[in-house]
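Chains A and B, in that order, are what the protein sequence lines are. Note that our numbering gives residue 115 to position 115 of the first sequence, counting from 1, and the numbers run on in steps of one. Note that our numbering gives residue 119 to position 119 of the second sequence, counting from 1, and the numbers run on in steps of one.
Any given hint could be a false lead.
Stretch by stretch, here's where chain A covers chain B in the computed footprint (C-beta under 8 Å, at least three residues) [to be verified]:
1) 37 to 48
2) 116 to 122
3) 127 to 134
4) 140 to 154
Between beta-carbon pairs, the in silico distance windows are [what the hints assert, rightly or not]:
5) B/G179 <-> A/L119: 42 to 52 Å
6) A/R303 <-> B/C182: 24 to 34 Å
7) A/T122 <-> B/D218: 23 to 33 Å
It is worth saying that the hints were derived from the structure and are not from the lab. Yeah, the Cβ is synthetic: ideal placement off N, Cα and C, and Gly gets one too.
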Amino acid sequence: MSDNIAVTGFGVICSIGTNAQECFESLVNKRTGIDNIKYLETVHKDAFKLGEVKRSNEELAEMLGLTSIEGVSRTTLLAMVAAKEAQELAIQNNGTKSRTGIVSSTTVGGMDVTEQNYLKKTKDYSYLYSHPCGDSTKKVAELISATDYYTTLNTACSSGTNALIHGVRLLKYKVLDRVIVGGVDALTMFTLNGFNSLKILDQDFCKPFDAGRKGLNLAEGAGYVVLERADEVDKSYCKVSGFANANDAYHQTASSPDGEGAYLSMNEALDMSGLNPEQIDYINVHGTGTDNNDLSEGTAINRIFGIGKVPPFSSTKSYTGHTLAAAAGIEAVFSVMSIVNNVIYPNLNFKTPIEGLNMVPNTEVLKDKAVKHVLSNSFGFGGNNSTVIFSE
Amino acid sequence: MDIYIKSSDAISAQLSFEKGLPEYFESGEESFYNCVKPEYKKYISPKLLRRMSPIIRNGVACSLSVLKQAGIEQPDAIVVGTALGCLRDTTSFLTQLIEEKEELPNPTHFIQSTHNTIAGQIALLLKCHNYNFTFSQMHNSFETALLDAQMLILDGKASNVLVGGVDEMSETTYDLIKGLDCYKGTKPGEGAGFFVLSREESVVKFEGVRIINSDKVDFEKELKDMGLELDEVDLVIGGNNQEDEAGYMDFCSVIGNKPYLWYKPFVGEYGTASSFAMWMACKVIEEQKVPECWMKNRIASEKYNKVLIYNKVGNEHSLMLMTKNKV
Numbered sequence: 001m002s003d004n005i006a007v008t009g010f011g012v013i014c015s016i017g018t019n020a021q022e023c024f025e026s027l028v029n030k031r032t033g034i035d036n037i038k039y040l041e042t043v044h045k046d047a048f049k050l051g052e053v054k055r056s057n058e059e060l061a062e063m064l065g066l067t068s069i070e071g072v073s074r075t076t077l078l079a080m081v082a083a084k085e086a087q088e089l090a091i092q093n094n095g096t097k098s099r100t101g102i103v104s105s106t107t108v109g110g111m112d113v114t115e116q117n118y119l120k121k122t123k124d125y126s127y128l129y130s131h132p133c134g135d136s137t138k139k140v141a142e143l144i145s146a147t148d149y150y151t152t153l154n155t156a157c158s159s160g161t162n163a164l165i166h167g168v169r170l171l172k173y174k175v176l177d178r179v180i181v182g183g184v185d186a187l188t189m190f191t192l193n194g195f196n197s198l199k200i201l202d203q204d205f206c207k208p209f210d211a212g213r214k215g216l217n218l219a220e221g222a223g224y225v226v227l228e229r230a231d232e233v234d235k236s237y238c239k240v241s242g243f244a245n246a247n248d249a250y251h252q253t254a255s256s257p258d259g260e261g262a263y264l265s266m267n268e269a270l271d272m273s274g275l276n277p278e279q280i281d282y283i284n285v286h287g288t289g290t291d292n293n294d295l296s297e298g299t300a301i302n303r304i305f306g307i308g309k310v311p312p313f314s315s316t317k318s319y320t321g322h323t324l325a326a327a328a329g330i331e332a333v334f335s336v337m338s339i340v341n342n343v344i345y346p347n348l349n350f351k352t353p354i355e356g357l358n359m360v361p362n363t364e365v366l367k368d369k370a371v372k373h374v375l376s377n378s379f380g381f382g383g384n385n386s387t388v389i390f391s392e
Numbered sequence: 001m002d003i004y005i006k007s008s009d010a011i012s013a014q015l016s017f018e019k020g021l022p023e024y025f026e027s028g029e030e031s032f033y034n035c036v037k038p039e040y041k042k043y044i045s046p047k048l049l050r051r052m053s054p055i056i057r058n059g060v061a062c063s064l065s066v067l068k069q070a071g072i073e074q075p076d077a078i079v080v081g082t083a084l085g086c087l088r089d090t091t092s093f094l095t096q097l098i099e100e101k102e103e104l105p106n107p108t109h110f111i112q113s114t115h116n117t118i119a120g121q122i123a124l125l126l127k128c129h130n131y132n133f134t135f136s137q138m139h140n141s142f143e144t145a146l147l148d149a150q151m152l153i154l155d156g157k158a159s160n161v162l163v164g165g166v167d168e169m170s171e172t173t174y175d176l177i178k179g180l181d182c183y184k185g186t187k188p189g190e191g192a193g194f195f196v197l198s199r200e201e202s203v204v205k206f207e208g209v210r211i212i213n214s215d216k217v218d219f220e221k222e223l224k225d226m227g228l229e230l231d232e233v234d235l236v237i238g239g240n241n242q243e244d245e246a247g248y249m250d251f252c253s254v255i256g257n258k259p260y261l262w263y264k265p266f267v268g269e270y271g272t273a274s275s276f277a278m279w280m281a282c283k284v285i286e287e288q289k290v291p292e293c294w295m296k297n298r299i300a301s302e303k304y305n306k307v308l309i310y311n312k313v314g315n316e317h318s319l320m321l322m323t324k325n326k327v
């Protein structure tokens, strides 16, 4: 598989920017997007910090040149902005392709529309048309002319990488010539209260891989990369050199103490890439900032790389918050930009290492060495663990 | 590489589970279809069962049945399609959080509201660490899961893949959706259809799945791409809901006078209903007979070796092709 699939475009919108360049500027200037709640309708407005995209639905529609957003969810609008950016870049680099499709992912779909209408007891139930996960993908596909094939993954917070995995195979088996892969999620009352009921939200800024971490900051956004067969493109940014999905098979929501699922997915992805662990220059960790995830992921990373031999790593969720199904898509874009710009991003809000792990995340903007191989982890409910490796 | 369907099963509003194609129908007087409840305890412990909503029960029981039939303890991959996911848990959580003004709703409903709860539960029960995907693309949810399963086998990543489609319909959901245009002239339903797709030879061969998003479909070309001429098709299973459904006219005129079965009037319309059609195809090929009650026309055939399944909603179409091995 290695060297066959090229990344030819990328696009992103999240709390630290409305396009790839803005996000990159925020990353290298240590500007977080996590803030007090401004847009989401909830009784918890003063209780939590969120990674909101700093645009209203109307403003997002304006960015897209849409005249009506009737029946269009925020999830769809966010996906449209990022997928359009990614697609335009790919066309600029390599022209149009005969068969183009999109593999997206979302956990909430059009829940933002559903919950507001449910709350208001709207009697015209046609608002439900935007509820299914697949609705946002279909609308994005139509907007960017990627209707030759479209589908949606929902494997919770690992979804975006799984979309990439399905996309790679669509190229390999010639179902498509170009595929936009990634994920999206908008903030909703549903997810905020869901994660709150699980008691894994930090009311302050999240502190991934810190001993004093208290939970995650929920967030929203969308991120997509464009994939094409490497031998059919003129210009590309990097290759997809390895990937894997494995199941922790331990608990519906919690990760196992030894990080078995995470270990298996990283191990298999490395195996596919043909790389030795020492060749990985940067790990973009899942790093949600919950007690359970960071300990389990850290343990698995130590098992792969060896204690004290872990390459520079950081959780960019300390900037963006946890964007659920969008996380892997957004972090794929960040990983690609890390290779393109030879930059390793810092992990914000870190003070004290987690006892027993002997792991310290990178806390500075590193620009002094070449970044050739980046490994990115994304894990989710249902024991779903995914890893992707991008290579120069 | 040839790919086979080693085992198949379906939980539906008819007496399909662990059986062949039924010779008669359950009455179906309700305004929507619910599944005939299997004896879940055969597959799931009572303690676990209590916590599971019907969609999880049906998905898990149907999966465990096909694995048992295939004699497989651990599939190399689990791939599930669901159009609307765990609706009951989603509705419960949403209703509670709205009624109680966001005062700490019950986390169990939230945990189980995620679409991949079904595939996750199967992995948990089997202690299966392998590849685990869930697709949700409305009425092509099962088809894209099936394509993923096929590509995994072609890629040499799996020999046996557990793949299926599952959706649920409740009273609450029915009240919300009954007025929607997309359900006009149909009876909503639910079901689970699961399969073991395999490299190992068996009676039913899986020839492929095509997904077409377009106003017009060149059916002959699509079939040719799957390695078959239209003339060779012995039997068609269509996703029609009504006798004269306009959307199916194009297909029916191309297909001509072939034996034609339908199923949605008897199991209901749901996002992954085509998984039931695939189960029907497996049974007809294995048994080489068609109970009369499923026939849309009265045309019979001497053999049922090549079965074509067609489904369509709006401008989204899917074709699935199954054949009898070594005829």
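Cross-check of the supplied hints:
1. 37 to 48: Violated: only 0 residues of the stretch 37 to 48 of chain B have a Cβ under 8 Å from chain A.
2. 116 to 122: holds (count 5)
3. 127 to 134: It holds, with 8 qualifying residues against the three required.
4. 140 to 154: Holds, because 8 residues of the stretch 140 to 154 of chain B bring their Cβ atoms closer than 8 Å to Cβ atoms of chain A.
5. B/G179 <-> A/L119: 42 to 52 Å: About 20 Å separates the Cβ atoms of B/G179 and A/L119, which means 42 to 52 Å is violated.
6. A/R303 <-> B/C182: 24 to 34 Å: 49 Å, violated
7. A/T122 <-> B/D218: 23 to 33 Å: 42 Å, violated
Checked against the numbered hints above, the structure breaks hints 1, 5, 6 and 7 and satisfies the rest.
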